[in-house]
Each structure stands twice: as C-alpha cells, then as structure tokens.
Amino acid sequence: MSIIWTTWKQVPLWVRLCLSVSSLLLIVLTAFVASNGFLVLLCFWMYLRPFSFVHSDAAAKPFSFCLPGYRDSARVGILVDAVLIGLAYAAFGVRLILPEQSFSSIAAGRALMWFLLGFVISLLWAPPGFFTVVAPLDAVLSIAFAIGVMMAMWVVVWHSLLFWLVVALTGVVVCVCVWWRLRDARGVACRHRRIIKETMEKQAQIGVERTVPSWAGDLLLARAERKTPLGTWWCIWAGLYRAFGPVLCYWKEAVTMALVMSVVLGLAGRAVAEVAFASMGLIAAFVDPPARSTMLLPGGRRERHYATLVAPIATTLLLLVMAAGMAILSEIVAMRFGPSAERSGVRLGSAWLACVFVPWIFALKPCRFGPFRITRRSTPILLVILALLVFRRFVPDAQMRMFVYAVAGLCGWVLFLLVLKYACTDGCLAGSDVRAGERE
Amino acid sequence: MSDNGLMVQIRGLSKAFDEVQALHGVDLDVGRGRIIGLLGANGAGKSTLLRHIIGLYLPDAGTCTTLGCDAAKLGPAELARIGYVHQEGELIDWMKVKQLIRYVSVYYPKWNQQLQERCIAEYEISLNARVGSLSPGQRQRLAILIAICFEPELLILDEPAAALDPLARAQFLDLLLEMIQDQNRTIIISSHILSDVEKVIDHAVIMKAGRIITDCAFDELREKYTRVRLTALAGPLPETLDFANVLDCRRSDSEATLTVRGLSPEQIETAAARIKCQADIQPLPLEDIYKIVVSQ
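These protein sequences, in sequence, are chains A and B.
Using the working numbering, read the first sequence as starting at 1 and increasing by one per residue.
Using the working numbering, read the second sequence as starting at 1 and increasing by one per residue.
Hints may be right or wrong, so weigh each one.
[Unchecked claim] In silico lysine-lysine, DSS-like type, Cα no more than 30 Å apart, as pairs:
1. B:Lys208 to B:Lys73
2. B:Lys291 to B:Lys208
3. B:Lys110 to A:Lys227
4. A:Lys227 to B:Lys98
5. B:Lys199 to A:Lys227
6. A:Lys252 to B:Lys96
7. A:Lys421 to B:Lys73
8. B:Lys224 to B:Lys199
9. B:Lys208 to A:Lys227
10. B:Lys199 to B:Lys276
11. B:Lys291 to B:Lys199
12. B:Lys110 to B:Lys73
13. B:Lys110 to B:Lys199
14. B:Lys98 to B:Lys110
15. B:Lys208 to B:Lys224
16. B:Lys98 to A:Lys252
[Claimed, not checked] Over the 12 Å line for every Cβ pair with chain A, so calculated as not near, a few chain B residues:
17. Ala121
18. Ser135
19. Leu241
20. Gln267
21. Val293
No lab work stands behind these hints: they were computed from the structure.
The beta-carbon is built from N, C-alpha and C at its ideal position, and this holds for glycine as well.
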C-alpha cells in the first residue's frame, strides 16, 4: 500500500479553511483571556501539526475510512491521530474560554484515567509515528495531545450523560480495535513498519521549497568575495550564507509572524512572553551550519569549525534584535489596547529568552545524522515549548525561572562547544550508510 | 604535493563503523597524472576510502596523506585543488542553479568561466531552476560542473555517472577524456559502469570487503588476463589443450575459447603451434577481468 504524504497544499480546501479560521478564532479568544494567554502559543503550534499528519484521502472522506471493509489500518490510524489532535485543539480552545473554577482535580483525575486508557489502547492500533524509534519526540508530543483530549472531553461533557456515552463508545472502539489487531497482528505490524519507514523518509525530504532571495547573496557572498581568498573569514561569510539561506527563503513569513506575535504579545499579557520569546528559537532550527556536508568546498575542519561556531552566534544576535523589536512593538500595542495591569515593560525583560535555546538546538543538529536524522526540524523547539509550559506551572517564581533559563542557556553553550569540537576534530564530516549493508 | 611525487599516500588505513569493518589495512599510492579506476562491489569500501582521502572521515588506524598533507588537516589551500563528485549528489536545494554556481565559485580563485558555460550548454542545465527540483540526472550534471570548473589537480569521482542517461554519460566521458590531456591532473574514478571506466583509466585498483586485492597498471592487468581463440588447422582439436594457467575453457570439435592468466603472446603462439592450432589473442574487457579477479 502506498501512502500519499500530505503537505499543506494537498490538504483539501475546506480542511485548510476550517483550521485557519478556528486557529485565528482561538488566537483572538486567547488574546483576551490574559491568565491563560500562554496557551495560545501552544495552540498555535499544535495547529501546525495536522498538516503533517492528515492523510489527504482521509481528510477528503474521513467517514469512509471508518466503514467495515477498510482494513487499511494505517489510514485509519492516521485518521485516529488526526481526530485526537483535532479534539486536543478543541480542548485547548474550550479550556481557554472557560473560567478556572470550573475545573476540579478529582474530576480531572477521572477523565485522565479514562482517556489515558483509551489513548494507550489506541496506540496499540498503531497510528504512524508511535511505533518507530526514529521519532520518539513526536510520540511525546502526541501524548501531550492526548492529555489535551482528556481535558477537553472533561470540560465539555463532564457531569452529563454525554460523557458516559463517549466513554462507552470509546470502550467499544477499543475492544473492536484490539480484536481486529489480534486477528492479524503480524500482518498489521509488517505493514506499519513499511509505511512508517516510507512516511518518515518522505517527511525527511520535506525541506525548504523556495529559493534564497538574491539580495542575500549580495549581502553575504559579496562580503566573502572582499576577503582574502580561501582565508578563514572568506569561509565564514560564505558559511553564513549557506547557514542562513533556509531562513532567508522565508524572511517575509518570519517578519509577518514577528509582527503578528508582537500584537498577540501586546494583547495577551505577560504570561505569554516567556513562551513566545523562547519559541522564537524555532528560527534556529532552520539554520544549517556547514559542519557536516559531503559537498566538498575548500573549507577544512578548522574552517568548518569556525563557520559552524559563527552560525549560532549570528542566530543569537539576530533573534535578540528581533525579540527586542517585538517586545517594543508589543509594549506599544499593550499601552494602546491591552489591560492596564500589563503595561509593565515585562516583555522587553523577557526578550533575551529568544536566544536561550539556540545553543541547544545547534548542539542537537549533528544528531540529525544519527537516530534523529529524520525527525522534523521543528520538533526540538516544540518540545521546549511544552517543557516551558510545564515548568511555568511548577515554578511560579519568575525570578527563579529566569535564573534557570540563564543556567540552561550557559549549559547549552558548553554542550554546543563540546559537540562542535568533537564533530569537527574527531568526528566524521559525512554520514555513513554502513549499517544498511552499504560499506561504501 | 608530497616530496615523493605522490598525490595520495595511504598506509595501513582501517576504519570501522560500529560493528562493520569498512576498511582493513589499506595501502595505496596515487602518483601525479594517474587516472585510477577504483572498482569493487557495493560495500567494498570504495566511497569510504575516497572520503578518507578528502578528510571527511578520520581513520581508526593508519595514515592518509593527500597532497602532502595529513588528510584530516587539509586546509583551504589544499582543498581548493581537489574536486569531488559523490554518488549521493549532495547539493544545496534551496538555491537556484545560478546561485549555487556563484556560491561555489566564490570559494575558488581560479574558476574557468568558459568551461562553466560549456558545461551548462552541453548538459542543458537551467540556471533559474531550483536545485531541489532537479532530477537526479540533472543534479549529477550540476555536481560534475561545480567539481571540475575550478580545474582541480586531483579529481575524485565517486559513481559520477550513476544517475546519467546514456547521452549525458557519453558527454561526461568526452569531457573526462579531454581533462585527461592535462598531464598534471590526477583522477580517481569509482564506478560500476566498467565499460566507461576502461576507456579512461591507466591504473586499476580493485577492492573487495574493505581490502585492495589488485593494484596495478591497467595495461599490465589487461596483459595478465587474455582470451585466446584456438582454431584447429587440421582435423579436430586434441583432447587436452596443453596451456598453462587456464581460467576458463569453452570448446567444440574444431574451436576453443580459453581465458588464460599470465601468458605472453609468444608463449600462447608457441603453445598453439604445438597442438597445430591458430591462436587469435584478444584482450579481455574490464568487466570480465574484474569478475575473474574478484572471484579468485
């Protein structure tokens, strides 16, 4: 069975419209609920998820895939995954607009138990992405979505007959799935392995689909040309062009996003600031340092070392400038439109968080050649955002959090320097497919 | 270049990737002006060896000296003299072709603009196409272009023609033959298309399971293995054909085709005359020689 990997453009128009409209609605709603404002960014990122999950066929005719006779469990798995994610979005949307008092820990615990059970058993049904060691981070994210689903279901239907109906239906579905899976366990597992491999390979091929603007060449390559031929600075400038090219391909989107985020920051309040700025590290995920490449250019290990060292430094500076600009703009928005309590300049103070996770992302980049090589670029930063949300819950003291962020940033730089030194002095500068039986 | 006139000198090179031993104590000398064919099955260790030469891999044991410098410490000056085309054709996908050519040309003080234009015309490379949207064949052509336009002294071609169609392969071969005219240029070519390789190489290195099993001049290799067609001058062929070192024999009543090793034309003629046969001596194609060497 072949699987058609779905890109944003392939998703049917109505799905795109629904997601876009609901996404915007969610952001607007969240923007006016200051206490829960930090969730807006999580929701925003989560909205990006189905674009890489929803199978185009499944999206076009979702109910057909639930009919008897469709034993193509991978497709159903994808649909289940998509539904879970969709419910999670709904959960967060509802969570954001409901008052805090409507939650009770006991009820939440029950909901958690029921839906965790449902989710774990649905994992046995093998949605793509769970049964592969190459995307463990995606599995973590997906479990987070499941928790979102639980919360949503509890918020929406708790204390009503509907809740028990949902539980009963879930139970039936789970039983059917287990029975179905047990009937053809080996065949299903075999198909899944192949499909997961295919999808992950295709996913890995999804890259930048644009070309770098010509002014970037004039800006960076022209500088290289002015330096001593084959000197270190020559290599560094040319390396910067190569490193930042994928980001510069999307510079218009980056600027637009920064403007939108500034407005959201201004409206949503200080609670959003930490996550918003930290999430800017996503840009670093798109910077490609030239340390490891089989395209041979006259840059030795030393030059690759320097060029790769300069890339996160330049990224840090770029992010700091962007974050400062966003903070200033958001203060202006807050002063003009936001609640009076939020006019405190706290956003500018949080702007440095934009660069905290940059060294971590660069330190992890060489791992793309290892078992993580086919995970998405955005995965590390999505995890960071989730971690931040959890961290905020457990450490309410802002000063303590800032201290931890600073320590994390410093540790990140140390780790990055160690990884870089190893990669450029002692490591292989190209990947090897020897494990696949290809000694060459 | 090193004092002993060698472009590449490898001694006792070993490399393992986890449990897989990719190279076992490889020794190799590559003299200036040589055109070396590096032959071997998939997994023989050819690409690993080539990547050691340009410093992408570091050896577990042994040494690799390229252009007189430890391959691990190759600097811009040395690397600017080495061209490398590899089988995966890694290029920068988010650039347009013309942007990639500009980006690469920036690195090289000597960039042959005429050669670039000629390659673009011959290979029909679209300058405004996005590199990531090129077909495998077009990518390979582009990879060849950027590896040769700075006229490297040492050109390393790792399966350069694997993705090329027959026409493009012929063009590439013509270009390679032209490049060979430069006496100072050293080329190491690894390819499975042996019929192409044998037109250009003057030295053959055959690898098997991470070891070099043959390293000699191509002419020497061709002289070593010969195909002899024997035709009986009167009557049928004798029961026993009195030839030494016969590797293969196919015969009918009056004709026989032998593959022999290590016999000079004179020795063959003498042996044929002894059994009253006419001997027609033919050189073996590289593909057959390769099969014989690898199977031994």
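So, going through the hints one by one against the coordinates:
{"no.": "1", "hint": "B:Lys208 to B:Lys73", "in the structure": "holds, 28 Å"}
{"no.": "2", "hint": "B:Lys291 to B:Lys208", "in the structure": "holds, 11 Å"}
{"no.": "3", "hint": "B:Lys110 to A:Lys227", "in the structure": "holds, 15 Å"}
{"no.": "4", "hint": "A:Lys227 to B:Lys98", "in the structure": "holds, 22 Å"}
{"no.": "5", "hint": "B:Lys199 to A:Lys227", "in the structure": "violated, 42 Å"}
{"no.": "6", "hint": "A:Lys252 to B:Lys96", "in the structure": "holds, 18 Å"}
{"no.": "7", "hint": "A:Lys421 to B:Lys73", "in the structure": "holds, 14 Å"}
{"no.": "8", "hint": "B:Lys224 to B:Lys199", "in the structure": "holds, 18 Å"}
{"no.": "9", "hint": "B:Lys208 to A:Lys227", "in the structure": "violated, 46 Å"}
{"no.": "10", "hint": "B:Lys199 to B:Lys276", "in the structure": "violated, 35 Å"}
{"no.": "11", "hint": "B:Lys291 to B:Lys199", "in the structure": "holds, 18 Å"}
{"no.": "12", "hint": "B:Lys110 to B:Lys73", "in the structure": "holds, 22 Å"}
{"no.": "13", "hint": "B:Lys110 to B:Lys199", "in the structure": "holds, 29 Å"}
{"no.": "14", "hint": "B:Lys98 to B:Lys110", "in the structure": "holds, 18 Å"}
{"no.": "15", "hint": "B:Lys208 to B:Lys224", "in the structure": "holds, 19 Å"}
{"no.": "16", "hint": "B:Lys98 to A:Lys252", "in the structure": "holds, 22 Å"}
{"no.": "17", "hint": "Ala121", "in the structure": "holds, 22 Å"}
{"no.": "18", "hint": "Ser135", "in the structure": "holds, 14 Å"}
{"no.": "19", "hint": "Leu241", "in the structure": "holds, 40 Å"}
{"no.": "20", "hint": "Gln267", "in the structure": "holds, 39 Å"}
{"no.": "21", "hint": "Val293", "in the structure": "holds, 18 Å"}
Hints 5, 9, 10, counting from the list given before, are not met by this structure.
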